[in-house]
Structures are given as C-alpha cells and as structure tokens.
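Q: Each chain, letter by letter, is given below.
Number of protein chains: 2
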Amino acid sequence: MNTTRQPVLLTRDEVIDLQKELGSSSLMGQTIVKLQAELEAYMALPVDVPGHGEAGGYEHNKHKDNYHYINLAGRLFLITEDEKYAKYAAQLLTTYADLYLQFDYHIQRNTNPPGRLFHQILNEHMWLMYASLGYSCISNWLSESERCHIVDNLFKPMLEMFTEKYDFDFDRIHNHGIWAVAAVGICGIAIGERKYLEMSVFGLNGDGETGGFLAQISQLFSPSGYYMEGPYYHRFAIRPLAVFAEVLERHMPDLNIYNYKDQVIKQTTQALLATAYPNGLFPALNDASQTMAITDMGVVVAVSMYFKRYGFDKNLLGMAEIQQQVWLHPCGLALSKAHEAEENLEPPFWPSVELNEGPNGDRGAQGFLRMQGDDKDISQLVMNYGQHGMGHGHFDTLGITFFSRGQEVLREYAFARWVNVEPKFGGRYLDENKSYARQTINHNAVTVDEMCQNSFDAKRADTVHGKPHFFLGEGTELQAMSAFADDHYPGTGMQRTVMMLKTDLLENPLLIDLYRLTSEKAHQYDYSHQYKGQIIRTNFEYQTNTELHTLGDDYGYQHLWNLARGEAKDTALVSWLQGNSYYSWLGTSAGADNEVIFTQTGANDPQFNLRHETSFMMRTTGKDMLFASVLETHGYFNEAVEASVDARGKLHNIEVIGHNEIGSVVRITGDNVCLTVMVSNQPSVTETTEHQIEINNTTYSWNGFLAVKQETK
Amino acid sequence: MNTTRQPVLLTRDEVIDLQKELGSSSLMGQTIVKLQAELEAYMALPVDVPGHGEAGGYEHNKHKDNYHYINLAGRLFLITEDEKYAKYAAQLLTTYADLYLQFDYHIQRNTNPPGRLFHQILNEHMWLMYASLGYSCISNWLSESERCHIVDNLFKPMLEMFTEKYDFDFDRIHNHGIWAVAAVGICGIAIGERKYLEMSVFGLNGDGETGGFLAQISQLFSPSGYYMEGPYYHRFAIRPLAVFAEVLERHMPDLNIYNYKDQVIKQTTQALLATAYPNGLFPALNDASQTMAITDMGVVVAVSMYFKRYGFDKNLLGMAEIQQQVWLHPCGLALSKAHEAEENLEPPFWPSVELNEGPNGDRGAQGFLRMQGDDKDISQLVMNYGQHGMGHGHFDTLGITFFSRGQEVLREYAFARWVNVEPKFGGRYLDENKSYARQTINHNAVTVDEMCQNSFDAKRADTVHGKPHFFLGEGTELQAMSAFADDHYPGTGMQRTVMMLKTDLLENPLLIDLYRLTSEKAHQYDYSHQYKGQIIRTNFEYQTNTELHTLGDDYGYQHLWNLARGEAKDTALVSWLQGNSYYSWLGTSAGADNEVIFTQTGANDPQFNLRHETSFMMRTTGKDMLFASVLETHGYFNEAVEASVDARGKLHNIEVIGHNEIGSVVRITGDNVCLTVMVSNQPSVTETTEHQIEINNTTYSWNGFLAVKQETK
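In order, the protein sequences belong to chains A and B.
Offset between the first sequence (1-based) and my numbering: plus 36.
Offset between the second sequence (1-based) and my numbering: plus 36.
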C-alpha cells in the first residue's frame with residue numbers, strides 16, 4: 037500500500053477500535069448511528085453540484101453539505117466497510133473535479149476574497165479541509181485515474197489559489213487563517229505533497245513567525261488562552277485548530293504540537309470551555325448568537341481532543357453528556373469510554389476563572405464566577421473588563437450577565453443578525469447591529485448621559501481596556517470580582533464589584549452588585565438590566581404610557597420604547613417571572629432621585645429586524661454615585677400544573693451607607709437577615725490592606741478586598 | 037378482615053400485580069419510582085397542617101400537597117409494604133382530625149361556599165376524595181381509636197358540611213359537582229357509610245335526575261361528549277369522573293356505569309382526548325392556559341381508565357408515551373403493559389372529528405381536522421362553530437387555530453391570568469381577561485366595525501351558536517369544514533370554510549381559508565391572525581410608526597399598539613419565522629382596499645398583566661366580502677447550527693375569482709402550481725348538489741361541498 041494513500045487522521049488499528057463500537061450504546065456508538073442516519077438521508081437526495089449562490093441560499097448550503105458528507109462518507113466507509121459510502125464520496129469528489137475549473141470566481145462583496153464555489157474563500161478553505169479528509173479515507177480505494185482527476189482538477193487548483201493567487205491572505209494572522217493553513221496542510225498530506233504541510237505550519241516564508249499555524253496559535257490568543265473576539269468566534273477557530281493539531285501530532289511528531297509554547301493548545305481550549313454556561317450555551321459576548329453552544333461541531337472535536345491529549349477531567353464528561361456525541365475519531369473514543377465508565381455524570385462545573393486579555397495578558401480580563409447551590413444548581417456571573425473585541429466588539433466594558441437555574445437571567449441581546457436567513461439581508465449583519473446591539477444601553481451596565489462608551493468609536497475603544505481590581509473565585513460561600521474602567525466615558529471613573537453570596541437564608545446564591553461612578557461634573561446615569569419574562573410586582577408606583585415614544589434619539593435609545601416609569605425614593609424592587617423561576621431585583625443609588633424606566637426594543641426598526649425584548653433601568657443624576665443592588669433567585673412556577681411557590685422572595689431593602697475613595701458600604705435587609713457589604717475602592721488594595729471608614733459616627737472596618745457581615749435577626 | 041376496611045380502588049390480587057412492577061422499566065415501574073421519590077422528598081419536610089390562606093398562598097398549597105401525599109402514601113404502603121408510608125398517612129390524617137373542627141369557615145369571597153381548610157369547598161371536595169382514598173388503603177392498619185378519631189372528627193363533619201350545610205350546592209349540575217359527589221361517595225365507602233354513596237350516585241332526592249353522578253354525566257356533556265366550557269375545564273372534570281366511574285364499577289357493579297347512557301363515559305373521554313394537539317397540549321379554547329396538556333393528572337387517570345375499560349387503541353399508547361406515566365392502578369397497569377409490548381410507538385394521530393354541542397347536539401360544533409405530511413408531521417386545524425362557553429366563553433365563533441411541526445402557529449392568547457401567582461391578584465382572573473383575552477380581535481377571526489361579537493354580552497352570546505355547514509374529515513389529501521355564524525354581528529352574515537390540502541408540490545399540508553361576510557350595509561372588516569416569531573418578509577411596503585398609539589379604544593383594540601401598516605393592493609404576503617419553521621401567509625379580499633396592520637399587545641396595561649404578543653390583520657371595507665388566504669409551512673431554520681433552508685416558500689399569489697350565494701371561487705398560484713378552489717355557499721348543500729357560477733365569461737362548476745382543481749405548470 038502506498039503510504040500517501042492513508043487516511044490523514046486514522047491508522048488501521050484505530051479503525052478496528054472504532055469498528056468495535058458499532059451497535060454499542062456508548063456515545064461513540066450513538067454518534068456512529070446518528071451520523072450514519074444523516075448520511076443515508078443525504079445520499080437519498082439527488083447528487084447536485086450547483087454553481088454560485090447567495091450566502092445562506094440553496095447553492096451555498098449545498099456546497100457546505102457536500103463537503104460535510106464527503107468527509108463523513110469517507111470515515112464511515114472505513115468503519116463500516118460498506119463500499120456504497122466510498123462510491124458516494126468518490127462520486128461527489130469526481131463531480132466537483134469535473135466542474136471546478138469551469139466555475140468562475142464569485143464577485144467580491146466583502147473583505148474576504150471570493151472563491152469559485154463560495155462568495156468568500158473562508159468557506160472554500162472549509163470545503164477543502166473536509167473534502168481532503170474524506171478523500172484520504174477513500175484514496176486507496178479509488179482508481180489511479182480517479183485520483184489523478186480529483187487531484188489535478190480540484191485539489192491542486194484550490195491549493196494554488198490559496199497559496200499563490202491569494203498568497204497575501206494565506207499568511208494573515210486571523211481566526212480565519214487557521215482554516216486556511218489547516219485546509220492546505222491536510223490536503224497536502226492527502227495528496228502526498230508535503231511542501232504544502234510545511235507552508236501551513238511555518239508560513240510561506242518558512243520562518244514560523246510571519247504566517248502559518250505556529251504563528252497563528254502563538255499570536256491569536258492571550259496568555260490565558262482567551263480569544264479577544266469572544267467565544268462565538270473562538271469556537272469557530274477551535275475546529276481547524278483541534279483538527280490540525282491532531283494531524284500534526286501524527287504527521288509532524290517532532291513538532292510536539294500539544295506541548296508547543298507552554299501547551300498553548302491546552303490553554304486556549306480550556307479558556308473556551310471555561311466561558312460556557314452550565315447548560316452548554318456560550319455567553320454571547322460581542323457579536324454572537326444567543327444559541328451557540330458546546331454542541332457546535334468544533335467544540336465536539338475540541339472536547340474529544342482535549343480529553344485524549346491532556347487527560348481526564350470530569351467536567352469534560354459532563355460536557356460530552358450535553359453534546360450527546362463525540363468526535364468520530366480515536367480521541368472521541370477515549371472520551372466515550374470514560375463517559376461510559378462514569379457512574380455519576382454531573383453537569384460541568386468549571387472553576388471560576390479570570391481570563392486575561394492582550395498579547396501580554398495586561399489588557400484587562402474577562403471574569404467568570406461560578407457557584408453551586410445546595411440543590412446543585414450552578415449560578416454563573418460573567419463580567420467584561422477586558423478589551424473591546426475589534427470589529428465585532430460591543431461597547432459594554434463592566435457589563436455583566438448572570439445565569440441561574442438553567443437560564444440566562446441578566447441577558448445579552450446578542451447580534452442583530454438572522455444568520456443564513458437569506459431574505460433578511462442575505463443573512464448578514466443588519467444595520468441594527470450597530471445602531472442597537474453593540475450599544476452600551478443594550479447591556480447590563482451603566483450608560484452615562486445617554487451616550488455609548490467611547491462614543492461608539494471602535495478605533496478608540498480598541499486603545500483602552502478595563503483594569504482588574506481583584507478576583508476572588510475560590511470560595512464556596514462568597515466569590516467576587518472587581519474592576520475599573522476609567523477611559524470609557526470622558527471625565528468619568530467607573531468601578532464595578534460583583535459578588536455571589538451563598539447563605540442558608542436564601543435558596544440560591546445571591547448576586548450583589550456595587551457599581552460606582554465618579555466625576556467632577558454632574559451626569560445622568562442609566563443603570564440597566566435586560567430581562568426576559570413577566571413583571572410580577574414592584575414596591576413603587578409606576579405609570580405606563582398611553583402612547584409610546586422612544587427613550588432617546590441615538591446610541592441605541594432610538595430603538596427603545598419608553599413603556600413606563602416610576603419614582604423609587606429609596607429602594608426599588610422589580611420582580612419578574614422567567615420560565616419556572618422568580619427573580620427579584622432590589623436596587624438603590626446614593627442619588628437623591630431614583631427613577632425606574634421600563635423599556636422594550638422595536639422602535640425605529642423599519643423592517644422588523646429586532647426581537648422585542650424588555651429592560652428596566654434605574655436613572656439618577658449626580659457626580660459621584662453608587663448603584664447598589666442585589667438579584668435574588670427564588671420560588672417556582674409551573675403553569676402546566678398550576679403550581680406557584682414563594683413568588684415574593686426574602687429581601688426587602690438595600691441601602692448605601694456610604695462610599696468614597698477608600699471603600700463602599702452597603703446594607704441589605706430581609707426576612708430574618710441583615711447583610712453589611714464592605715468593598716475596597718482602592719486600586720492598590722492587597723489582601724491585607726486595612727480599611728476604616730467612618731459614616732454617621734459609625735466606623736466600618738475590614739481587611740483586604742471586601743467583607744460581608746451577616747447578622748441573623 | 038372487616039370488609040369496610042378495604043382499599044376503595046384496589047383488591048388484594050391487584051396489589052400483588054402492581055408489586056410485580058417494582059423495579060421494572062415499564063411506564064408503571066417508572067411511575068412508581070417517580071411517585072415514591074416525590075413522596076420521600078415531601079416526607080422529609082416537617083409535617084404541617086396550617087390554617088387559612090390565600091388561593092395560591094402557602095397554606096392553600098400545603099393543604100393541597102397534604103391530600104395528594106395522603107393518597108399516595110396509602111397506595112405506596114400497599115405496593116411496597118413499607119410501614120413508614122402508612123405511618124405518614126396516619127400522622128397527617130390524625131393531625132387533620134385533631135384540628136379540623138377548630139378551624140373556622142373562611143370568609144366567602146366568590147360564588148363557591150367557603151370551607152374550613154380552603155376558601156372554596158371545591159378544594160375541600162378534592163381534599164376529601166384524595167384523603168378518603170388514602171385512608172382506605174391504611175384503614176385496616178390503623179387502630180380502632182385512630183379510625184374513630186379520623187372518622188368522627190374529620191370525615192363525618194366534612195360529609196355533613198357537603199350534604200347538609202351546603203346541600204343546595206351538592207345537587208348543582210356543574211363540573212365542580214362531579215368533585216362533590218365523587219368525594220362524598222368515596223368517603224362513604226371508605227368509612228362504611230353506604231348512604232353517602234347512594235346520595236352521590238342518585239342525588240339527595242334519590243331520583244337520579246335532580247342531582248348526583250348519574251344526573252351530572254347525563255346532563256353535562258353534549259351527545260358528542262364535548263363539554264361546553266372547553267378542554268381546559270373538561271380535563272378538570274374528567275379526573276373525578278374517571279376515578280368515581282372506576283369506584284362504581286367495583287362497588288355498585290349493577291349500575292354497569294361504563295355502559296351507562298350509551299357509554300357516555302367513553303364518549304366524553306374520547307371527546308376530550310380528540311381535542312388535543314399532536315404534542316399533547318390542549319388548544320386553549322375559552323378561558324384556559326396555553327400549557328394545559330394530557331400530562332395533567334386527570335388525563336393520566338382518564339387515559340388509563342379508557343384503555344382498560346374500552347379496549348386497545350394505539351393512540352392511547354402514543355398519549356401514554358407523552359405522559360410518561362400511567363395511573364398507579366390496575367387500569368394503568370394494563371396500559372403500561374400494552375405500551376411496553378408495542379414496538380412502533382408513534383405520536384397520537386386521532387381521526388378528524390366534529391364534536392357537536394348542546395344537550396341535543398344541535399347547537400353548533402367544534403371541528404378538529406388532522407392531516408399527516410409525508411414526513412409524518414401532523415397538522416391540526418381547530419374551528420369553533422359551537423356555543424359560547426358560558427362564563428368562561430370567548431367571543432370567537434368561527435375563530436380557528438392551526439398547529440404544525442410541533443407548535444401552535446395561528447395562536448390562542450389563552451386567559452389573562454397568572455394562575456396561583458399570589459402577587460398577581462391572588463392568581464385569579466385579571467381585568468385584562470375581559471378587556472382583552474375574551475375579545476374577538478384577540479382571535480384568528482374577523483372583527484366587524486371594531487366591535488366584539490355579541491357586543492361582549494355573554495348572556496346574548498349564550499343564546500346563539502354557529503351553524504355547521506359541512507365537515508369532510510376523512511381525506512388524506514383534502515379535508516375541510518365549513519360553518520355559518522349569522523347571529524353574532526347585527527346584520528352581518530359570516531361563513532368560514534377552512535381546508536387542509538396535501539400536495540406533492542408543498543412540504544406540509546396547506547391551510548386554505550375562505551372567510552365570507554355578507555351585509556346590506558358597509559362595514560370595516562379586520563381579518564386577524566395571532567402569530568409568534570419574527571417577521572421575515574412581506575411583498576408590500578409598510579411603514580413602521582415612530583410613535584405608538586393604540587389601534588382603538590374598546591373591545592380589546594385599546595390593548596393593541598399599532599406598530600406598522602401598509603397597503604397591499606392585490607395579494608398580501610406576510611412571512612415569519614417561528615422556532616425552526618417558516619410560515620408564509622398569502623391573503624386577499626374581494627375589497628378594493630387591502631390594508632395590513634401589524635400590532636402588539638401591551639397598551640393600557642397598567643400592571644404589566646399582559647404578555648407581549650404580536651398579530652397582523654388585513655383590514656378592508658365593504659358590504660359582501662371574501663377574505664381568501666393560505667398559510668404555507670415551509671423551510672427550516674436552526675440558529676444554533678446556523679442552518680436555513682427555503683426561507684421563501686413556494687406560493688406567490690391568491691385571487692378571488694368571485695363569490696355569491698351559490699359559491700366562492702379562488703385561485704392560488706405558485707412555483708409550478710395553480711390551484712382553483714371552489715366552495716359551496718349554500719346552507720342546504722349535499723354531496724350531490726350541482727353548482728355552476730359564471731364569472732367573466734368563464735363557467736366554474738362542481739358537485740357537492742367543494743372542489744379543488746390542481747394544474748401543474
């Protein structure tokens with residue numbers, strides 16, 4: 037057997053191991069059954085290799101499906117030894133080889149150069165990577181003439197396009213670049229042209245620094261492994277990264293890729309997984325969909341790879357359980373076996389983690405706190421105090437999201453885009469993505485003077501970042517993170533400290549939020565929360581409007597209908613029902629006037645591009661200001677069985693005792709409980725710094741970052 | 037063993053049969069495990085027998101839970117023979133006996149008299165029925181003194197209250213009345229006082245006509261078995277009905293209850309089950325929640341009873357699969373065994389059915405059409421052309437709902453009520469139930485002159501009803517139903533004919549709707565559809581409003597924000613995305629002006645009691661008018677995997693060729709297809725009636741109710 041006619045990712049022995057899973061109830065067994073059923077259903081359709089089409093249109097989808105099933109048919113041929121799969125993959129590849137050079141290049145419509153199949157070569161890279169993997173599984177089964185036809189009329193023209201015609205794009209350090217190098221390298225192995233593998237690893241110059249996989253993985257991630265565009269883009273880059281790493285481990289073992297640069301592949305995979313909510317959804321940081329999850333194909337590959345190459349971690353079993361499949365590969369087999377052997381599968385509960393940003397890890401961070409309640413429910417709190425996220429960035433530094441009882445409660449709107457929905461502007465980003473989705477007011481943060489952070493200037497935003505203050509992620513009863521953002525609004529300093537506190541008196545961990553603003557001039561501050569569900573009660577009177585106007589004219593306010601407002605003299609309580617759970621927010625500011633405004637999106641939306649979502653905000657005016665609030669998760673509602681328990685919650689007051697450059701002191705009271713929360717506002721604080729504040733003849737003192745004193749009444 | 041100390045619903049042999057299911061993976065085995073876990077969790081809480089409380093409040097819920105677990109503990113004691121369950125039931129019963137006579141009566145707040153535990157005796161009836169069943173399972177285990185204490189201080193006072201103090205209520209023919217008689221009869225058996233059983237069956241007078249179970253079941257349902265308040269209330273009445281029927285089969289076998297009055301119990305159970313959507317949810321006809329389903333306890337009991345007593349029906353197995361449990365009783369065991377033996381479980385696919393209304397079946401009907409697509413997806417179309425539904429009635433005669441691909445597409449808002457949510461007006465019906473939920477405009481129907489049907493006069497509405505025209509429910513490719521409602525708007529005749537058509541050219545059955553109005557005076561007609569999801573495209577220009585006003589001042593219009601409007605000269609297309617599926621509505625009228633208005637609920641809602649839901653309506657003005665429309669189900673969207681297929685649909689035009697007192701002719705065109713739909717408008721039509729209409733020199737002729745001619749282009 038010719039050594040170039042081997043599957044790129046499978047040895048003979050590994051194929052035999054996978055064959056043993058046929059008919060098993062393991063995740064691998066289920067994966068095979070599922071993928072085989074999908075392939076069979078697709079094979080029942082007529083073979084079609086169409087010409088050009090719109091993104092999201094029929095032709096686009098067909099080319100995508102075709103490469104997916106070439107790849108799948110190749111592997112399933114090896115595992116099942118059923119020749120119909122090989123024939124099918126061969127038929128598709130041969131048809132593409134017949135037609136490829138007859139297709140013209142698309143007309144260029146965006147920054148990405150056009151391909152012959154797709155409107156942008158990114159998709160053509162993906163096509164080549166998958167088609168090459170599939171080809172490698174059947175190449176030994178093909179006749180010499182079939183092989184020549186496919187290689188000469190399909191693969192080589194593609195390789196030349198990517199490395200010669202578009203050479204300027206091949207070495208670009210960018211998440212799309214990983215697809216380019218993975219595709220070219222894998223195709224090179226599949227057709228026995230090792231020079232393409234070398235180019236892919238070391239770049240066109242061969243120096244390993246100006247381009248190629250090594251340069252990509254060295255430069256794209258911060259030391260923490262975080263990818264600055266956020267998990268939605270990270271999970272897209274992780275797919276070729278994991279696949280190509282595994283290819284290199286097999287075909288360039290001396291590279292020792294899994295230990296390269298202090299295990300950067302481990303680091304960045306773990307950083308991605310650690311962002312996910314307990315139910316597997318990724319927080320929609322920056323431009324992102326609300327529904328992207330660890331069930332994404334790339335993350336399935338990454339979890340399997342990580343398990344095999346970096347060892348046992350029970351959280352990976354929990355993730356595999358959510359994914360309900362594994363990578364159809366020996367890496368996936370290892371994970372499947374461990375999953376099968378585990379008696380107590382539990383949802384993933386990754387440790388809290390602060391992921392630093394920037395090439396040197398000194399441009400802020402993204403913070404992820406997680407805490408488990410007595411009933412094992414996991415709450416997660418996310419705060420952005422890092423970088424802007426480039427072209428896809430949202431203007432939400434110090435913005436938070438909060439997740440409890442299986443749902444996002446303080447929510448991200450996510451992008452304004454109906455991805456791949458052709459009648460909605462070809463599935464591309466909509467105008468409302470800029471005018472609403474990226475704006476500060478569309479986040480759980482404070483908007484100053486109805487403006488966007490950095491005046492919606494992305495270039496300016498890319499030059500600044502949040503400043504970590506402290507991060508306490510190890511407690512089982514109290515966790516906290518704090519950060520400053522002093523460069524995002526002119527002349528206004530901001531500090532946000534968020535905590536999760538577990539106390540026997542409450543059902544779930546309590547979210548405590550101290551958002552402090554300082555300025556020499558007076559400003560209007562809008563502290564806003566995006567929520568979903570039905571308002572159940574408030575502790576203040578409000579007036580709903582009998583005609584609706586927008587809340588403002590610009591910076592996202594033009595999309596908000598002003599539904600209702602009320603004066604909340606001291607503590608404002610807003611309680612709502614989302615799904616099966618009640619949530620009660622209690623908030624106040626040190627300001628004289630606390631106004632609460634209820635809004636809904638949908639204004640100035642001439643094509644119904646926006647979803648209709650709701651928010652409420654506390655508005656106050658002043659110079660130095662402390663918004664202090666808590667969010668209590670409580671009760672249970674099930675309409676289907678008409679059950680409702682504890683719709684009111686336990687807390688009823690929150691009060692700002694005082695705040696200055698030393699610290700902030702807040703008191704929270706409720707049924708049988710009084711909490712005094714003291715937080716350091718000193719940037720130079722250490723865990724031993726002594727704090728002492730005298731307010732109204734009472735002295736509050738504590739050591740270190742913060743203290744919470746609980747008195748039971 | 038004393039014969040009065042037997043379980044009311046179980047023999048010794050039956051207990052042994054149930055014991056064999058312990059540890060089995062059958063539905064019965066799973067039911068036992070699930071109920072046992074629930075009971076154990078409840079037993080871990082402190083025993084509490086509180087005093088009075090609000091509906092939906094802690095005390096109310098506690099009394100409800102207590103009776104549920106007394107009942108469960110009794111049965112599980114017999115099945116598991118674990119004495120801790122008997123002890124627990126005894127402890128609860130004894131505590132109630134200690135306290136019951138010390139509780140005062142509640143203050144009466146509604147038409148239902150108050151009890152000592154609950155604010156209305158309906159709940160006290162439920163309490164007694166369940167507690168008696170539980171008691172009967174442990175009575176032989178109890179000591180004589182315990183039995184006496186429970187009987188004398190708890191059960192007998194309750195029986196006296198129901199049959200003496202509140203004797204006027206006991207004989208009332210009402211769905212609540214079934215609870216009263218079931219409770220009293222079952223308690224009578226449990227304590228060996230057969231006179232109470234006699235009263236319950238034959239009424240206080242003993243005549244079997246003025247009161248008692250036989251009178252209830254004879255008078256509450258129409259000949260078709262339909263219950264006029266709709267499935268939401270029907271499923272509540274079916275619980276004591278099924279339980280008490282099974283009791284009577286065992287304790288009054290001569291009654292032959294299951295064959296009583298031409299098997300009225302079979303008839304009414306089947307009528308209830310036949311209303312359900314394929315996913316098990318009940319259409320929210322009249323005041324009802326959107327989430328009530330066959331998983332409701334009463335329906336679980338009814339499905340098991342029906343299977344055991346009326347024989348095998350594969351649809352019951354499909355329903356049991358949705359329920360994922362059976363009645364913990366020999367009836368449930370029979371169903372569980374059949375479910376286990378069935379190799380091809382499929383979702384229930386009940387035949388289409390027209391359920392007549394009124395004591396003689398001549399007061400209109402409710403129509404339910406079901407059709408299966410090639411992929412086995414079941415579409416369901418529901419039309420109300422029956423009675424008003426009394427105090428819970430909605431003013432929606434000729435209103436429809438439509439279900440496809442697992443979701444309600446043309447939707448019911450359901451009731452305006454947050455049931456059992458105490459801060460929302462004690463969980464009771466809200467003002468918005470009258471001002472919005474019951475109004476005609478809040479349905480998929482035509483509203484004339486911005487008024488409600490019958491001017492929102494429930495008494496008047498109770499005197500009129502829809503008139504069935506024809507019902508063709510047996511076709512696999514074409515089904516239709518048609519009805520008149522001439523008494524609902526002054527001087528205006530209405531006829532609606534709805535069809536489902538399956539054609540190879542479309543993915544799913546097509547909904548075709550011909551809504552005809554006749555009047556000697558000009559009126560404004562609003563043909564409205566309640567939808568959920570995102571507008572994807574229209575074929576006409578529309579203008580969204582930059583400030584929002586209500587669409588009107590009364591009859592529900594005061595709750596609608598006027599979001600946008602557009603002129604649709606000929607055919608209007610409105611396409612939206614709901615969940616994973618696209619829907620395209622194409623509509624026209626024979627009117628000169630077709631205006632389309634988009635609305636959202638939420639106006640004049642000072643306490644955020646309404647959900648924010650969307651609708652669109654075609655508005656036109658004229659005398660005689662035909663609204664002709666189709667609803668196409670098409671395509672697929674999955675944001676999580678970023679897939680979108682066929683977002684546009686295949687149909688692009690619908691045209692009214694003509695309509696008069698003989699018939700209506702409509703043409704529908706699309707990619708490669710032209711359909712001509714001809715419908716009889718003659719009330720006296722039979723299946724052989726000849727129709728001939730000449731329009732613009734073309735003659736359209738057909739025999740019978742309707743014809744659909746398909747030409748492939």
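Any given hint might turn out to be false.
For chains that are exact copies, the list does not tell them apart, and a pair is met inside one copy or across any two.
Here are the simulated BS3-like pairs of lysine-lysine, each with C-alpha atoms no more than 30 Å apart in a straight line [claimed, not checked]: (1) Lys98 <-> Lys503; (2) Lys350 <-> Lys70; (3) Lys568 <-> Lys470; (4) Lys123 <-> Lys297; (5) Lys100 <-> Lys412; (6) Lys373 <-> Lys503; (7) Lys123 <-> Lys745; (8) Lys192 <-> Lys350.
It is worth saying that the hints were derived from the structure and are not from the lab.
If you're wondering where the values come from, they're calculated on a predicted model, not measured in any experiment.
Q: Now tell me, hint by hint, if it's right for this structure.
A: Tested hints:
For a Cα distance limit of 30 Å, the shortest separation of Lys98 from Lys503 qualifies neither inside one copy, at 47 Å, nor across copies, at 51 Å. In this homomeric assembly, Lys350 and Lys70 come within 30 Å of each other (Cα to Cα) both inside a single copy, at 25 Å, and across copies, at 28 Å. Proximity of Lys568 to Lys470 under the C-alpha cut-off of 30 Å is found in both arrangements, the shortest distances being 22 Å within a copy and 25 Å between copies. Proximity of Lys123 to Lys297 under the C-alpha cut-off of 30 Å is found in neither arrangement, the shortest distances being 42 Å within a copy and 66 Å between copies.
Taking CA atoms no more than 30 Å apart as the test, Lys100 paired with Lys412 passes between copies only; the shortest distance there is 27 Å, against 41 Å inside one copy. Taking identical chains as interchangeable, the C-alpha atoms of Lys373 and Lys503 are never at most 30 Å apart, the minima being 43 Å within one chain and 65 Å between chains. In this assembly of identical chains, the alpha carbons of Lys123 and Lys745 never lie at most 30 Å apart, being 71 Å within a copy and 43 Å across copies at closest. In this homomeric assembly, Lys192 and Lys350 never come within 30 Å of each other (Cα to Cα): the closest approach is 44 Å inside a single copy and 58 Å across copies.
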